[in-house]
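Mind docking these for me? Both chains are given alone in their own frames, and the hints should help you get the complex.
Residue numbers (the working numbering), protein chains in the order written: chain Z, 1 to 507; chain C, 1 to 540.
No wet-lab data here; the hints were simulated from the structure. Treat the hints with care, as some may be off.
As the list claims (entries may be wrong) - Per the computed footprint, the stretches of chain C lying under chain Z, defined by three or more beta-carbons under 8 Å from a beta-carbon of chain Z, are: (1) 69 to 80; (2) 381 to 387.
As the list claims (entries may be wrong) - Which chain C residues stay away from chain Z? Per the calculated CB distances, all over 10 Å, these: (3) Gly-66; (4) Gln-155; (5) His-169; (6) Lys-245; (7) Arg-298; (8) Gly-377; (9) Asp-496; (10) Asp-499; (11) Gln-526.
Quick caveat: nothing in here was measured; it's all calculated off a predicted structure. For each residue, glycine too, the CB sits at the ideal point set by N, CA and C.
Below, each chain spelled out in residue letters.
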Amino acid sequence: MTSNGHATNDSSPSPPPPFKIPPIKFTNLFINGQFVHSLSGKEFETIDPRTGEVIVKISEGRKEDIDVAVQAARHAFDNGPWPRMSGAERARIMMKWADLIEENLEELAALDAIDAGKLFHLVKVLDIPAVASAIRYYAGAADKIHGEVLKASREFHAYTLMEPIGVVGHIIPWNFPSTMFAAKVSPSLAAGCTMVLKPAEQTPLSALFYAHLAKQAGIPDGVLNVVPGFGPTAGAAISSHMDIDKVSFTGSTDVGRAIMHAAASSNLKPVSLELGGKSPLVIFDDADVDKAADLALLGILFNKGEICVASSRVFVQEGIYDEFEKKLVEKAKAWVVGDPFDPKSQQGPQVDKNQFEKILSYIEIGKQEGATLLTGGKRVGNKGYYIEPTIFSNVKEDMRIAQDEIFGPVLALMKFRSIEEAIKGANNSRYGLAAGIVTKNIDTANTVSRSIRAGIVWINCYFAFGNDIPYGGYKQSGFGRDFGLEALHKYLQVKSVVTPIYNSPWL
Amino acid sequence: MAARRLSWLLSRSLSAASGPDSLLHSLGRNSGGGIRKWKRFSTAAAVDEVIIPQVQIPYTQHLIDGKFVDSASGKTFPTYDPRTGEVIAQVAEGDAEDINRAVVAARKAFDEGPWPKMTAYERCRILLRFADLVEKHRSELAALETWDNGKPYQQSFNDELPMFVRLFHYYAGWADKIHGMTVPADGKYHVQTLHEPIGVAGQIIPWNFPLLMFAWKVGPALACGNTIVLKTAEQTPLTALYVAKLLHEAGLPPGVVNIVSGYGPTAGAALASHMDVDKLAFTGSTETGKIVLELAARSNLKPVTLELGGKSPFIVYDDADVDQAVEVAHFALFFNQGQCCCAGSRTFVHERIYDEFLEKSKKRALKRVVGDPFKNGVEQGPQIDTEQFEKVLRYIRSGIESNATLECGGQRLGSKGFFIQPTVFSDVKDEMLIAQDEIFGPVQTILKFKDTEEVIRRANATRYGLAAGVFTKNVHTANTLMRALRVGTVWINCFDVFDAAIPFGGYKMSGTGREKGIYSLNNYLQIKAVVEPLKNPAWI
Numbered sequence: 001m002t003s004n005g006h007a008t009n010d011s012s013p014s015p016p017p018p019f020k021i022p023p024i025k026f027t028n029l030f031i032n033g034q035f036v037h038s039l040s041g042k043e044f045e046t047i048d049p050r051t052g053e054v055i056v057k058i059s060e061g062r063k064e065d066i067d068v069a070v071q072a073a074r075h076a077f078d079n080g081p082w083p084r085m086s087g088a089e090r091a092r093i094m095m096k097w098a099d100l101i102e103e104n105l106e107e108l109a110a111l112d113a114i115d116a117g118k119l120f121h122l123v124k125v126l127d128i129p130a131v132a133s134a135i136r137y138y139a140g141a142a143d144k145i146h147g148e149v150l151k152a153s154r155e156f157h158a159y160t161l162m163e164p165i166g167v168v169g170h171i172i173p174w175n176f177p178s179t180m181f182a183a184k185v186s187p188s189l190a191a192g193c194t195m196v197l198k199p200a201e202q203t204p205l206s207a208l209f210y211a212h213l214a215k216q217a218g219i220p221d222g223v224l225n226v227v228p229g230f231g232p233t234a235g236a237a238i239s240s241h242m243d244i245d246k247v248s249f250t251g252s253t254d255v256g257r258a259i260m261h262a263a264a265s266s267n268l269k270p271v272s273l274e275l276g277g278k279s280p281l282v283i284f285d286d287a288d289v290d291k292a293a294d295l296a297l298l299g300i301l302f303n304k305g306e307i308c309v310a311s312s313r314v315f316v317q318e319g320i321y322d323e324f325e326k327k328l329v330e331k332a333k334a335w336v337v338g339d340p341f342d343p344k345s346q347q348g349p350q351v352d353k354n355q356f357e358k359i360l361s362y363i364e365i366g367k368q369e370g371a372t373l374l375t376g377g378k379r380v381g382n383k384g385y386y387i388e389p390t391i392f393s394n395v396k397e398d399m400r401i402a403q404d405e406i407f408g409p410v411l412a413l414m415k416f417r418s419i420e421e422a423i424k425g426a427n428n429s430r431y432g433l434a435a436g437i438v439t440k441n442i443d444t445a446n447t448v449s450r451s452i453r454a455g456i457v458w459i460n461c462y463f464a465f466g467n468d469i470p471y472g473g474y475k476q477s478g479f480g481r482d483f484g485l486e487a488l489h490k491y492l493q494v495k496s497v498v499t500p501i502y503n504s505p506w507l
Numbered sequence: 001m002a003a004r005r006l007s008w009l010l011s012r013s014l015s016a017a018s019g020p021d022s023l024l025h026s027l028g029r030n031s032g033g034g035i036r037k038w039k040r041f042s043t044a045a046a047v048d049e050v051i052i053p054q055v056q057i058p059y060t061q062h063l064i065d066g067k068f069v070d071s072a073s074g075k076t077f078p079t080y081d082p083r084t085g086e087v088i089a090q091v092a093e094g095d096a097e098d099i100n101r102a103v104v105a106a107r108k109a110f111d112e113g114p115w116p117k118m119t120a121y122e123r124c125r126i127l128l129r130f131a132d133l134v135e136k137h138r139s140e141l142a143a144l145e146t147w148d149n150g151k152p153y154q155q156s157f158n159d160e161l162p163m164f165v166r167l168f169h170y171y172a173g174w175a176d177k178i179h180g181m182t183v184p185a186d187g188k189y190h191v192q193t194l195h196e197p198i199g200v201a202g203q204i205i206p207w208n209f210p211l212l213m214f215a216w217k218v219g220p221a222l223a224c225g226n227t228i229v230l231k232t233a234e235q236t237p238l239t240a241l242y243v244a245k246l247l248h249e250a251g252l253p254p255g256v257v258n259i260v261s262g263y264g265p266t267a268g269a270a271l272a273s274h275m276d277v278d279k280l281a282f283t284g285s286t287e288t289g290k291i292v293l294e295l296a297a298r299s300n301l302k303p304v305t306l307e308l309g310g311k312s313p314f315i316v317y318d319d320a321d322v323d324q325a326v327e328v329a330h331f332a333l334f335f336n337q338g339q340c341c342c343a344g345s346r347t348f349v350h351e352r353i354y355d356e357f358l359e360k361s362k363k364r365a366l367k368r369v370v371g372d373p374f375k376n377g378v379e380q381g382p383q384i385d386t387e388q389f390e391k392v393l394r395y396i397r398s399g400i401e402s403n404a405t406l407e408c409g410g411q412r413l414g415s416k417g418f419f420i421q422p423t424v425f426s427d428v429k430d431e432m433l434i435a436q437d438e439i440f441g442p443v444q445t446i447l448k449f450k451d452t453e454e455v456i457r458r459a460n461a462t463r464y465g466l467a468a469g470v471f472t473k474n475v476h477t478a479n480t481l482m483r484a485l486r487v488g489t490v491w492i493n494c495f496d497v498f499d500a501a502i503p504f505g506g507y508k509m510s511g512t513g514r515e516k517g518i519y520s521l522n523n524y525l526q527i528k529a530v531v532e533p534l535k536n537p538a539w540i
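Bound-form chain C, shown alone (with noise of 0.2 Å):
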């Protein structure tokens, strides 16, 4: 029944009534002149001659206790070039059994170790020796990510990948220093409390930044002498098998880290109602995050940390440097395709600079270079799957029907691959579907507003609460905003500032629990008190 559901929230089927053809000719004339400028970027001859990575695919199946293998099915499902649609490589599909054996593996790594009994320190230098494996493969795995998923390379290899390694050794960092407490009793009591690893970690993580998502969960799991079962997303299935196959030969003993691809209706669904799994934790959409939740409540009532989407304000003032906020608020939204979790998609500005403000977005969002992800230069390249761009393309839609403005873009780029134009809307109203839901794309809606009660108000009412940017240079606002918002990151005069050491995650909608900082690791401890009567203590 949940797994039904799941799979209709998961289906690619999509109603969208006329497809991006249609919406091209019906948008023709409100962005004219942009159609000039994006011909500049000449995208579709990206399109046309993709540069062929040069990187192999090495590791296509299963990685179950320390092994790669078939599906217990046999079955394989296609990975995507998003540039294209083409397909990349045939990957194992996991099931319900692959989740199962995967679960065995990994209990019978916590249950009989040698993981959780090793020293701190031994898994410390494990953690170590992988983040230099993942530095010396740097260029493959980079490649390898821009592939699957169609991030800017330069992105890929300039940021995430060494912010991958950082993260590691954040989390090396941390296992030789998980501290109980001794606690204070009423009585003639010893008090401590252990910090225990919760045992068998399932996780199951998103598309798009596939290994960052997998640092943030794997490296706390570990770090605290945790198993893992981890389901990346069936759109990038790649790099997290090449880097579990790294983890390996750094020492990590067999069954700690499993990785099953697959989708959620079938492989996510079995690991989150599993018996046997003692803790899950999920990034994605908030529809699956229900879903998940649900299913861990019926199965063994295991806790569940969710990272789920957001409709994340970003607040321009008066007192702003308009030129450094248009640059930081087009960051905030475009990065990545869009397709962030905390972007700022609603762009509050306030009336005073609204309209330098608009001109100088527009402006910014046309010299946006999007085209191949493996070219120099290039900022943005294709959206993750079809589902997703006929998803970004019907908001566009909807946009436009509920009579926001559009400033610039809204029309696919090229005629082959997910591309679409940096588009930006004004006159948005906070009604509006494209100021309410999350449309993870590169879509920017600016909305106005007089006075910091106002905009409180509005940033604050959506179902979700995840992010927030706020431009001021006055210490007061900055002060009053940083406690009003009911968000879970608040970036003053910044935004997507991600160090290891920040906790990240969300308020309301946007799910529960804190994924890095020290906060993560609550995620994956249990906490037992061990209470001693005590006999003529000298002190209590």
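Next up, chain Z with everything else stripped away, as it sits in the complex (with noise of 0.2 Å):
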């Protein structure tokens, strides 16, 4: 056991588990209907991240493959049937492929939680089902995709055509391979897109089995094209190509801010961008504190602290501090590090080493700027990349743990008194993704909802994603939003037909 208390041990965070990790089945880049061999043979490895350990080595995609894959893309979109079937039969096709990615949940689970480090007991319930309703969420909207008829201000007749943008570059990350994956690619099928897809470079394998499912559903061949790589070899090809008509991206706003850049600099793509975050859960006196501090611990915890809504800056009111402080202390002390295959972990391995290390320095950082460590500061273990659930009170909103994004399980608490205070707080952030609050009082709930510049307000709930909730960023949180029918409208054009009218009876 850790000084903690976590319900881990020393040498390595728990016993392997029974659970026999299926084999890697799909390992080469998806382009066009086929499995290739990047065209220079390189390959890179993913990396098993409770060791350290190797996974498999996968076939790297770099500038010339994605040139292959748009060049497919572009031909299914320009020739293909995909844009020129109803998309009552498009729904079908992705109806399809949403059963098939159930029939293989386990293997599809088990895939994420050896490449991200997840929860293999919550990805199989989480994950992978999101990942089939949102295609089927996506399907239904196939064929609801509705142009209006204009009021014209003379005689003409107007009407507005929603059509399909062309070849879509997705550029996904890491923390959620699968439900990333469905936010991106679902809206821009239904919409009668084609696309390239770059998975997270330490996270290649389940887009590949899903590009394998989609295959296996009667996705025709060159619509969906998936290939594994680096940013700054692929990512950079796709966002900087001359061919493809739109960039959707998820990541980091550093990334994000080059891929806009290399978008303008080359056709002037529009680009969609879901960025960092800094989202503030502000917790008010008259909330039940228990209840608060459940919630506050999961919205910093939940995939430890690796999703961009994490509710990484916690504002109590005065009146409840204390109480608070100490529960939120001793339940993080409860909370269960350990093997992503074992039911009773409730936190894996942070992804890799990078994002490891980025988080101790962090803690580091909390320390040196006078911020009071409560609990955890530590690595779990001697192996695989486990880190303690880590709470800092005494943090001042200028320090950088409570502006930067930390990409991990670090909460900086903070205290307010009122609600102009809590709401000036909340907002000082260059970032604008979502924010949760607390509070029994049904005007301070309305008040800060509107007050709080972030794309999501959760009332007393954190978390609550849905296929028709759409969500995304204010301010450096990036812009566009996923899910939802708002989603769809990433991927169509909007064009407006005139013709003149003669006798019209109406106008």
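Below is the structure:
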């Protein structure tokens, strides 16, 4: 057991679980309906974050592979059946795909667990079912993309056509390899686009498996291409490609900036960015303290803090602050860090060495800045990338641990007096992705929800995602929305068609 | 009182002076050439040796609260094979008491759940599973539909069953996308609209498309989270019971969809006037629609959606591709034995192509294959029942009497069942009954027109306003007519295109409300505005 009481042992977080990890079936690039080696023949290693050991070698896509994939997507868009099918036909294929994903749920969950260190039991009930349901949601939307007939100012008949935007480049992160895949791919498929997707180099496995199932379901060759690789090579090739009509990116703010820059200096392709966050959770005096502490803890520790909407700044009103702090620390100490295949585990390892070291360095920064370390602060065990749930108090708004996205299990606790102060503190960030409010007071809830400049506000809940609920960022958290019918608009062009009319009985 | 009127309107008694035989006799001279041609199709043989459909009739009782039950009265009524007029099966005959039991079940399923309390995604999954099951039972259902209705089996199997499945996929996709709005306020208020299920929906469907009408009604009502009491037409009660059973197999909780078979004056009237039904949707004749609306008004003011009769113009310009226009105009009228509310039953043809169009239309009608609907290649089966059969023949007689020219057809076909020859009238004048009334049979009336202004005036000179067809290559003509015709659907260079997303419904006495498409959801939703004051809002 570690000193702070986490239910883990010293040498490794927990004994290896009985679950047998399936052999990895797909390690090559998926282009034009085929698994192919990269043109350079290069490969990279994908690592098991539990041990730091290599799981498998993956073909490394680079610029020349992106070119081939874009050609396939271009051909599939310009000449292929996908955009020429009815929305209903696309929907049928997507529904079939969702069924196949559910049939392979266990294996897909294992791939994300081993590749990203995510909790196997949670991926099985959350991430993979969410993929199937998102695909079904957008399949259901494929035949409901309406343009409008417009009111012209003179004797004209005018209407809008919502056309698929063309070839889309998707670049997705490693923290939710499956959910992010579905969030990007399903609305663009429903819209009738073709696409090249680059998964994160840390987590290429499930995306390749989804591509395989897509082909089985009947998604035509060239419509969905998956090219694993690194940002500076494959990612840059996508964002600066002259024949890609749209780039959709989820990841860090710094990389988002580079992508937008590349898009601007190439063909001015429209970009949507879902970037970092430093989301506030604001807890008022009238809250149920115990429930609020649970929410705050989940808000920062879910998925090891590797979630862009993590509640990494928790503002607590002074009347309940002391009680809240005590409960939060107790609960954090009881939180179980361990092997993601162990059903008792609540938190697996960070995704890789880089992230692991970055988080530990932020913990050092927090200490140096004068914040009080209430609990955690160290690695767990001596193998893999496990980190203790870490809580700082006495945090000042301008400290780096209150400003920067740490992307780990590190919470910054702050005290406030008035609603105005809470709003001001919550908005004191370059980010604006999400926020939480805990209060029983309807006026407080309504005022704060309109005042916080963030793309999603959860009142008395957190992480309440839904297929029909759009989310995305204000400020440097990006622009554009994933999920909901909003997301379809990222992948549609609006064309107005105008023609004169004569002797119309009404205008 | 109202029920008695309904009874009168729905009664089968006809005042037709002459039966089909005397009609045949009187028309002998006009259609002599036609008769020889008809013999080629050996319709008489089709009627004599009917093909026996390979399907069981598993369900003939009402489906109430998830269980098949007999009528409270124990009564049954026969459903007929329109090929022969013989009884297919005895079906439980519902009346007010059975409707009442069904409403109680639907009320409970709505008020207590679980249906409206489920997540939309769960409702979506049940509808998708249902669509899969219907696909699995496609051939039985298509056979049952054809047996009970008389429509060509190929049409049931290749078009209507897939469309049924398509409609349920479509509505499954809506279940999790029903959006209220947040609404701007003049002051410091937070305003939103909740789109709530309306409650217990009463639905009365016709016999011409038993399954598709089921889908048009049940699909949106279920997607929105309502519960249902549905009365089928007494002519075609079988397939609704079958699919409703499959709905339950797919996981629909008991009481959510209740099916009562029976007649309009009893079961239909009880549903329309029920105090605990929150919404009524009816498809059928304009006469019955009026009664349904009256009953709703006199009882609990339940909102009513009506999809009623039509006398839809099909307008062919001289710049149209004549061959294509002839084929589509033929289809627009004769499809489904002419038993479509939106049938293109007034064919307006520009004078410059009138003669050519007429000649080709007649030729096409003479080529139409009429016979046992289970036989491959048959385009037209029997009319639904003796009442409709005799009504159509009466209208044909009226056409002849009013001096329209009978170009072909005009008689019954064979001696058994309700088969009628494809019939074409030319020289039809606007004021003739055959140009005014909905005949609902295989009778095409062709009229001549000169210019756009005239044809718009004449096309709109009807109490109906359901649909219209326009054939022209000229974009200006198309744009002008599209706006000038007072109808719910305008098909330009096509007809009867019935996608799930395309709304359908009537102007004028063709009804009120729209089915299919996003608009159909409005029929089954209540809109609730919620207003709360805001304190110190950052913006309003």
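Outcome of the hint check:
no., hint, verdict
1, 69 to 80, "violated (count 0)"
2, 381 to 387, "violated (count 0)"
3, Gly-66, "holds, 26 Å"
4, Gln-155, "holds, 20 Å"
5, His-169, "violated, 7 Å"
6, Lys-245, "holds, 23 Å"
7, Arg-298, "holds, 35 Å"
8, Gly-377, "holds, 28 Å"
9, Asp-496, "holds, 17 Å"
10, Asp-499, "violated, 8 Å"
11, Gln-526, "holds, 20 Å"
Against the hints set out earlier in the document, violations occur for numbers 1, 2, 5, 10.
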